[in-house]
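Peer 1: Sequence:
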Amino acid sequence: MKFDLENPLMAFDGHDDNDAVSALFAAESDHTPSFKSTDVHSSIRNHCFTLISEAQFSYDIDRFTAYLAVTYIDRFLSKQLVLENKPWIVRILVTAGLSLAAKMRNINNLSISHIIIPISNNSSMNQSEQRDDEGLIFDLQSVHRMENLILTTLNWRLRSITPFAFLQFFNSLFELSNDQSLSQSLENRASDIIFNSHYEIKLLAYKPSILAASAFLCAAHELIPQQGPFFLDAINSKCGHIYKVRFLSVFV
Numbered sequence: 001m002k003f004d005l006e007n008p009l010m011a012f013d014g015h016d017d018n019d020a021v022s023a024l025f026a027a028e029s030d031h032t033p034s035f036k037s038t039d040v041h042s043s044i045r046n047h048c049f050t051l052i053s054e055a056q057f058s059y060d061i062d063r064f065t066a067y068l069a070v071t072y073i074d075r076f077l078s079k080q081l082v083l084e085n086k087p088w089i090v091r092i093l094v095t096a097g098l099s100l101a102a103k104m105r106n107i108n109n110l111s112i113s114h115i116i117i118p119i120s121n122n123s124s125m126n127q128s129e130q131r132d133d134e135g136l137i138f139d140l141q142s143v144h145r146m147e148n149l150i151l152t153t154l155n156w157r158l159r160s161i162t163p164f165a166f167l168q169f170f171n172s173l174f175e176l177s178n179d180q181s182l183s184q185s186l187e188n189r190a191s192d193i194i195f196n197s198h199y200e201i202k203l204l205a206y207k208p209s210i211l212a213a214s215a216f217l218c219a220a221h222e223l224i225p226q227q228g229p230f231f232l233d234a235i236n237s238k239c240g241h242i243y244k245v246r247f248l249s250v251f252v
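Quick note: the sequence shown, position 146, residue 146 per UniProt numbering, numbers continuous.
Everything labelled a hint here was simulated from the structure, so no lab data went into it.
Do not rely on the hints blindly, as some may be mistaken.
Said to hold, decoys possible - In silico BS3-like cross-links for lysine-lysine, where the CA-CA straight-line distance does not exceed 30 Å:
(1) Lys-79 <-> Lys-207
(2) Lys-103 <-> Lys-207
(3) Lys-103 <-> Lys-79
(4) Lys-202 <-> Lys-79
Go ahead and model the full structure; you've got the sequences and the hints to work with.
Peer 2: This is the structure in structure tokens:
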């Protein structure tokens, strides 16, 4: 079954909506990176994000898959110490992250052999091997080992809870059922804000629900600024799962 970032807890389909929402808020902390903003980690993360962005453009990877891969890598780096920002280590990590994300989203046309970042076009190399820019060779088994390391580090919890899982919930608080076009526009714009800001390391300090609420308020501020205070009151008064925060400052 294809993993849907907007509905990560598929087991709750058909159950009471309140139960599903409560389960999301209860579980999100287990999927939130406790990222250590050291120079090494920041450098590795920036390198990973650059490679994922390049792969997304080169191999036409959809942005949900790329986002999920970054999420896996962030969670991995928050728990697993990577000592050096060596290009070949980062390249294997990115390849494994993209491969796992593609598998979770059931994208059959995106395999490891497609997304390994090619460095050398040496025709004498085996198809299962790629050479990095330091002259070292790593094969598909190296990527599989990194996949297994990511899986064990994340305790096999690949159904990541991201801000997208909360978008419909916060949208429902705004009571825009009579204007489906506006409701969809707000959700689309909130999604764009989340995608476009994923590279910001400071956002790792916030839970996915806070990011979702903040993105919606930013979208409302852009599209219907006169109703911004109403939306803020709706979140603070109707959502008992989060404390009042300066939502708009998250993406500023």
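Peer 1: Against this structure, judge whether each hint is valid.
Peer 2: We went through each hint and held it up to the structure:
Between Lys-79 and Lys-207 the CA atoms are separated by roughly 17 Å; this keeps the pair inside 30 Å, and the hint holds. Note on Lys-103 and Lys-207: the hinted pairing holds, with a Cα-Cα distance of about 25 Å set against a maximum of 30 Å. Of the pairs offered as hints, the one joining Lys-103 and Lys-79 holds, with about 22 Å between alpha carbons and a cut-off of 30 Å not exceeded. Distance restraint check for Lys-202 and Lys-79: the Cα-Cα separation of roughly 17 Å lies within the 30 Å cut-off, and the hinted pair is therefore satisfied.
Hint compliance for this structure: no hint is broken.
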